[in-house]
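Each chain is listed here by its residues.
4 protein chains.
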Amino acid sequence: MVPRYSRPAMTAIWEAEARYRIWFEIEAHATEKLGELGVVPPSAAKALWAWWATNPAIDVAAIDDIEAVTKHDVIAFLTWVADQVGDEARFMHQGMTSSDVLDTTLAVQLARASDLLIEDIDALLDALRRRAEEYKYTPTIGRSHGIHAEPTTFGLKLAQAHAEFARARTRLVAARADVATCAISGAVGTFANIDPAVEEHVATKLGLAVEPVSTQVIPRDRHAMFFATLGVIAGSIERLATEVRHLQRTEVLEAEEYFSPGQKGSSAMPHKRNPVLTENLTGLARMVRSAVVPALENVALWHERDISHSSVERFIGPDATITLDFALGRLTGVIDKLLVYPDRMMKNLDRMGGLVHSQRVLLALTQAGVSREDAYKIVQRNAMKVWESDGALSLLDLLKADDDVTGRIAPDELESSFDLDYHFAQVDTIFARVFGEGGGAALANGPVPA
Amino acid sequence: MVPRYSRPAMTAIWEAEARYRIWFEIEAHATEKLGELGVVPPSAAKALWAWWATNPAIDVAAIDDIEAVTKHDVIAFLTWVADQVGDEARFMHQGMTSSDVLDTTLAVQLARASDLLIEDIDALLDALRRRAEEYKYTPTIGRSHGIHAEPTTFGLKLAQAHAEFARARTRLVAARADVATCAISGAVGTFANIDPAVEEHVATKLGLAVEPVSTQVIPRDRHAMFFATLGVIAGSIERLATEVRHLQRTEVLEAEEYFSPGQKGSSAMPHKRNPVLTENLTGLARMVRSAVVPALENVALWHERDISHSSVERFIGPDATITLDFALGRLTGVIDKLLVYPDRMMKNLDRMGGLVHSQRVLLALTQAGVSREDAYKIVQRNAMKVWESDGALSLLDLLKADDDVTGRIAPDELESSFDLDYHFAQVDTIFARVFGEGGGAALANGPVPA
Amino acid sequence: MVPRYSRPAMTAIWEAEARYRIWFEIEAHATEKLGELGVVPPSAAKALWAWWATNPAIDVAAIDDIEAVTKHDVIAFLTWVADQVGDEARFMHQGMTSSDVLDTTLAVQLARASDLLIEDIDALLDALRRRAEEYKYTPTIGRSHGIHAEPTTFGLKLAQAHAEFARARTRLVAARADVATCAISGAVGTFANIDPAVEEHVATKLGLAVEPVSTQVIPRDRHAMFFATLGVIAGSIERLATEVRHLQRTEVLEAEEYFSPGQKGSSAMPHKRNPVLTENLTGLARMVRSAVVPALENVALWHERDISHSSVERFIGPDATITLDFALGRLTGVIDKLLVYPDRMMKNLDRMGGLVHSQRVLLALTQAGVSREDAYKIVQRNAMKVWESDGALSLLDLLKADDDVTGRIAPDELESSFDLDYHFAQVDTIFARVFGEGGGAALANGPVPA
Amino acid sequence: MVPRYSRPAMTAIWEAEARYRIWFEIEAHATEKLGELGVVPPSAAKALWAWWATNPAIDVAAIDDIEAVTKHDVIAFLTWVADQVGDEARFMHQGMTSSDVLDTTLAVQLARASDLLIEDIDALLDALRRRAEEYKYTPTIGRSHGIHAEPTTFGLKLAQAHAEFARARTRLVAARADVATCAISGAVGTFANIDPAVEEHVATKLGLAVEPVSTQVIPRDRHAMFFATLGVIAGSIERLATEVRHLQRTEVLEAEEYFSPGQKGSSAMPHKRNPVLTENLTGLARMVRSAVVPALENVALWHERDISHSSVERFIGPDATITLDFALGRLTGVIDKLLVYPDRMMKNLDRMGGLVHSQRVLLALTQAGVSREDAYKIVQRNAMKVWESDGALSLLDLLKADDDVTGRIAPDELESSFDLDYHFAQVDTIFARVFGEGGGAALANGPVPA
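Protein chains in written order, with the UniProt record's numbering: chain A, 1 to 450; chain B, 1 to 450; chain C, 1 to 450; chain D, 1 to 450.
Take every hint as true, because none was put in to throw you off.
For chains that are exact copies, the list does not tell them apart, and a pair is met inside one copy or across any two.
Below are the DSS-like pairs computed for lysine-lysine, each with C-alpha atoms no more than 25 Å apart in a straight line: (1) LYS136 to LYS347; (2) LYS264 to LYS71; (3) LYS71 to LYS337; (4) LYS400 to LYS377; (5) LYS337 to LYS385; (6) LYS264 to LYS385; (7) LYS264 to LYS400; (8) LYS377 to LYS264; (9) LYS377 to LYS71; (10) LYS347 to LYS385; (11) LYS385 to LYS400; (12) LYS71 to LYS385.
Bear in mind the hints are in silico, worked out from the structure with no lab data behind them.
Let's have the full structure, built from the sequences with the hints guiding it.
This is the structure:
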């Protein structure tokens with residue numbers, strides 16, 4: 001975790017205190033059920049909850065001190081709790097293993113992290129929707145291969161991003177469900193020393209599903225799927241960040257990250273305004289993605305469990321969720337305050353002398369009976385002159401002077417081929433798909449085999 | 001694609017002929033709708049389908065020859081079809097771009113590949129279920145850290161794998177839905193030259209969903225999610241393969257890959273029977289996973305599209321699906337014919353002189369009023385003697401001779417702590433969760449935020 | 001391997017015939033030494049070499065047929081050779097294991113692949129040097145963050161690439177040395193059944209080093225280092241390809257991939273000239289890099305060997321080397337024929353109204369006694385006006401009208417701050433470092449701990 | 001960075017104070033040279049070094065406070081130094097850019113990290129050598145595919161690891177040289193505002209090489225190569241850790257991680273002694289490797305530089321080096337104190353009823369004139385009986401009773417085929433290669449193309 005790329009709410013999930021609070025809840029809920037089952041006195045859970053109701057501070061340093069002696073984190077915690085609660089606390093943890101507590105705790109942490117990430121995406125979706133509506137009909141050049149292709153609108157660019165992050169949300173909800181399971185099943189998952197009812201009780205209380213079959217640990221394919229999903233979302237962040245970086249480059253300058261008065265772009269070059277936030281997001285996306293491979297390598301534990309996954313998760317659990325949370329927040333800020341320059345978009349759109357309308361002329365010629373091949377040659381030979389003039393020449397003017405064109409297409413039809421609005425006829429349709437009443441989501445799901 | 005790691009049904013999906021067949025269907029369905037819309041004569045689609053009804057062979061070599069001239073694959077194909085069908089064929093592809101055809105084709109291929117993979121997993125689930133039922137109560141040692149822990153059953157091991165591959169199936173169904181979309185939206189996705197109704201028609205006919213908003217291409221976060229999912233499944237394959245490899249190692253030998261009469265394990269060492277299939281699966285899992293990172297890197301295309309993703313997909317599209325299909329088939333065969341040695345499992349379980357029951361004695365001592373710490377020391381000091389005797393000594397015998405034990409636990413209670421069946425009381429419960437009427441699936445899904 | 005991304009010389013290394021030819025040479029050289037040692041009759045090697053001198057065709061299909069029966073590739077090959085050579089051939093392979101042949105063969109293949117790749121890099125270095133000299137003093141804008149920074153020359157851009165690929169060459173030579181080892185040491189590497197002199201003899205004959213200690217197989221850290229090195233080189237390819245893609249984008253257009261007369265950039269848009277080769281290189285770089293992770297995962301084989309690495313290497317051995325060879329060739333072609341537009345570079349350099357000289361004015365002001373902070377504010381407030389005018393205003397003009405400037409800097413000094421040549425004073429120095437007599441290489445190596 | 005997986009010496013390199021100390025040295029050395037060149041007064045450097053000679057504490061918090069205002073880390077630092085040193089300090093940083101300082105600092109940090117890692121490897125090599133000599137002739141079974149193959153010695157296993165980590169050392173020295181370069185070349189690397197002599201001076205003083213051509217930043221292929229090298233070393237760590245984990249598993253138990261008196265292997269199961277250190281190393285290896293992909297993705301910066309690499313390096317710079325340092329230290333401890341059980345090795349070696357000698361009998365039969373195929377069948381049919389008896393039967397006994405054998409091989413020859421020492425004849429040769437006077441290193445390097 002790098003502090004400058006973190007936000008408090010997500011960081012708090014991974015702090016020692018939060019972890020101990022979850023441990024306590026698991027132990028207390030379990031003790032409660034064990035009390036009901038007659039395995040321990042019902043008074044045990046009552047004592048635990050009574051103490052908890054006092055909203056006690058967790059003394060992390062004291063627990064660390066005990067751990068330095070016991071060399072066992074869960075035992076150290078239980079010892080400290082027993083010191084606070086008194087004699088009744090000795091019934092805690094009956095029939096349980098450390099992994100029951102640790103793995104279920106990780107599930108709670110990942111579920112909470114998911115909830116924050118889903119909120120983050122919702123905020124990003126709001127920003128994207130607002131800005132997309134704002135520029136719904138703002139003409140801008142669509143580019144393939146970095147080369148001007150045909151006109152589109154800036155709103156459509158943002159609508160695409162909205163649809164992509166709506167998918168990210170769906171995936172995150174699924175990933176959350178995948179990791180949000182509770183296992184309290186003993187040393188090799190047989191419930192030899194604990195009733196499965198305890199697991200079910202704790203799961204319900206913590207809002208988790210029951211792990212159908214565990215083996216001391218919760219299977220790590222679940223976590224692999226979780227981190228893989230974060231990696232895909234990071235890819236989508238990189239895509240939108242890259243778009244902004246392109247739009248801000250000097251020669252394009254159709255949009256810019258917000259630049260506050262008095263801000264310095266460079267200590268040496270007073271003229272600079274750099275897309276540093278989206279460049280940073282590009283790097284952060286790499287880091288979130290870097291968790292995917294070790295998470296995949298964690299799946300194949302030996303037999304019922306080995307502990308190789310543990311050190312990996314101590315890194316990627318906090319790092320990937322904290323970094324993704326920070327990145328989503330930063331991206332939302334970028335979109336929210338993005339400086340958009342419609343005039344410059346129009347200027348760029350025009351700068352190639354009307355080349356972006358070449359396809360429509362091609363279609364007009366073929367509809368006028370010219371073979372596709374001949375039509376292509378006619379348009380291309382004029383287009384290349386405009387291209388080489390760096391936009392100083394106009395395609396429309398050249399075509400008007402080309403007998404192979406004028407002989408086939410009437411002047412007003414030729415002019416109309418250069419009409420910008422022609423390209424925007426379906427903007428409403430697409431917006432309805434993306435933002436309409438559940439339309440986008442419905443369309444996004446294909447048929448599923450039985 | 002490596003031929004020895006491929007099967008015909010999956011390979012066929014990626015062959016030129018299959019690709020051209022999908023191209024034809026897309027073009028013919030589109031022409032049909034364009035006919036309905038009055039853009040082209042309705043006779044055009046009729047002519048195309050009439051020819052198709054003759055079940056014509058696709059002359060891949062002829063199309064290649066044309067491509068060598070036109071330098072454009074889609075144009076070459078259209079030219080060849082026109083040669084076959086005649087004049088009516090010239091109305092094909094009206095208002096479409098090559099990417100409309102190429103990306104929708106990839107969607108069809110990935111959907112078909114998914115269907116085969118889902119079938120593969122179903123076959124694997126069948127094999128796992130059958131073998132799990134067969135060994136439901138077969139005692140075997142559960143191991144954590146590669147060290148004997150407590151007894152479990154071989155059926156439980158396989159039930160765990162079943163639950164894991166049931167999750168793989170669920171994930172694959174979701175991944176299929178993610179990539180099974182149709183885009184026919186033109187050069188930058190604005191539908192400038194084609195009615196969205198064409199896209200909807202083709203999508204319906206091909207069993208795809210409509211891509212809500214495309215940009216010449218279908219967004220690559222979909223494909224990233226697909227390949228990430230294959231990577232997670234590969235992780236699960238590696239886990240089960242690793243289990244078999246461990247079970248077959250000389251000192252364990254609780255199970256073996258099927259070894260046919262007359263087979264040679266090694267050209268030099270006639271005594272060898274090696275787990276070569278599951279070792280191979282371990283390597284194949286690495287290869288399927290290796291598609292994940294480039295698929296993630298493909299997401300951030302420039303602006304409306306660049307073509308950097310294309311070469312990546314020419315590799316990983318076939319390679320990852322063909323290899324995973326082969327691997328699932330091979331794994332199913334391994335499980336189906338696995339030689340299982342219950343006697344050896346029992347022998348291994350017993351070889352540590354009863355150490356695997358140490359926890360129960362610990363619990364019995366604490367229930368008899370000994371502090372946990374003292375109980376631990378009493379059991380550990382006896383256990384370490386057995387450990388160091390390499391199983392020659394018996395824990396039960398030593399405990400019977402230890403005054404600290406005999407003073408607290410009655411002989412018959414001590415004996416009963418070494419009862420194996422104690423560990424299997426919940427096997428039915430777990431099997432019901434995994435194999436019961438939808439039980440496993442229901443339990444696997446946690447609560448989802450609104 | 002994808003045929004369209006392959007070249008014959010590299011592909012040939014990985015074909016069955018080439019592999020069998022290496023097998024034969026290993027076996028014949030080994031038999032020769034065994035003859036000298038008196039283990040087999042010296043006539044055996046003589047018979048083998050006599051047959052080989054006839055330059056016999058390798059009948060791959062016949063060997064395949066035998067393998068279909070024996071289920072063992074090396075035995076099938078030996079059988080076929082024996083059929084050709086006669087009775088003397090039965091002494092081949094005495095005391096050897098299949099892995100001795102297979103691993104040493106892979107070493108020969110990777111060494112040969114390295115040699116081709118080194119040639120590829122040499123050709124690329126030649127092209128880079130030639131074009132760098134050509135544009136040594138061609139002014140162009142240097143960009144940080146995609147934003148105009150300060151002037152540089154196009155030759156310097158290419159000199160940087162030259163230095164980077166010179167490092168790639170050095171790394172490749174080291175990677176080749178790492179994998180070019182010979183192991184003929186028996187079932188677990190103890191030489192129990194074969195004299196180490198055989199290994200030394202074969203190594204010498206094949207131009208390999210002796211593997212100091214093997215364990216049936218050559219250790220896979222060597223191969224991991226090899227593929228990691230290819231991955232780094234792929235990163236450098238992506239960097240240069242990305243530069244070209246940026247330079248070709250419509251708004252920049254300072255350079256273009258060669259576009260032949262009659263070529264079509266897009267079937268639908270006759271005006272397009274797309275950087276498809278460098279986009280393709282970006283994707284191919286991802287694929288070469290994708291070999292790194294499975295190669296790293298291959299290192300930790302179990303005990304003396306398991307065979308999980310084998311399937312991985314059947315993919316990445318050919319794929320990574322063939323794809324990198326193709327990519328280097330393609331990149332060399334791109335550089336060799338790159339269309340460079342110095343006029344456009346100058347036009348872009350000027351388009352920001354002289355903003356690129358802001359640092360020099362800042363320095364001039366500070367040298368004139370203005371505090372750095374004040375100087376920054378003075379330059380920035382003028383620069384931002386130019387920035388917002390999209391280059392319509394001139395920084396020099398504005399500064400000439402700013403009393404805070406004119407009071408401190410004389411007009412001719414101010415003008416001289418906008419002198420372009422000032423930036424190119426050290427171009428010779430840098431070129432001497434990169435292309436000078438070994439200078440670059442010498443400088444590139446830092447001090448090394450003893 | 002996870003504190004529990006870190007050691008102070010490596011962590012210190014990455015702390016703010018260490019970074020600021022390097023910054024100062026770079027600035028002071030540069031000012032010194034600028035003084036010699038007459039760009040600034042020579043008194044400036046004198047004042048800086050005079051203050052430095054007082055060994056002043058670096059007030060990180062104060063610098064942070066200034067940065068909170070200036071929003072620029074380097075400017076904040078310079079301001080703080082100026083406050084300490086006085087007026088002369090204002091000449092610092094003349095003509096330099098922040099990246100000159102930041103990238104050169106990273107080079108110093110990575111070089112120092114490399115030095116620690118090289119020391120770590122030297123310590124590991126010492127431990128491996130010592131233990132290898134100790135068990136040079138200790139018989140143990142060599143395993144391929146996890147199955148008993150033929151005898152080897154435990155010393156040979158460790159010698160193999162020694163050779164592998166000797167290669168790791170060589171690679172690390174090369175990786176250090178790759179990143180240990182100094183760049184002080186200005187905003188786009190043209191030295192427009194600073195003499196290259198300053199760069200050379202600082203490089204010499206800091207023990208770095210001069211970067212031949214930089215572009216505001218040092219090219220990131222260097223760093224990619226560095227982290228890729230760490231990844232390969234992590235692979236070797238995983239290999240040796242996996243070996244120990246296998247050796248410690250209950251059924252094998254040929255070696256164990258040191259287990260201190262009073263240590264608890266499991267809180268629930270008093271009998272457990274788990275290989276937790278090497279399992280942990282397996283996970284740490286995954287984390288070190290996870291830095292490789294983002295480092296590769298960092299190479300293709302846009303134009304002269306973008307800043308996407310920076311956030312990545314803030315993570316992986318400390319994380320990969322600190323984790324690898326910790327892992328090497330832990331592995332050295334494991335090897336140093338490894339509990340080795342030669343008796344158990346012998347017991348395991350014997351447990352398959354002599355099957356491990358099957359190859360020698362096969363060779364004896366073929367030398368006695370039996371065809372290889374018949375010999376294989378004869379040995380295999382006896383071997384399979386032993387195999388299925390789980391070592392209860394003896395291969396030698398069965399062969400003595402097999403007429404096909406006794407008719408061809410004399411009893412004493414047959415007995416001698418089961419002689420263990422036969423396998424160890426070349427142990428000295430291999431040890432000389434690995435540990436001999438430079439022998440191992442010399443052999444490891446193959447011929448290199450001119």
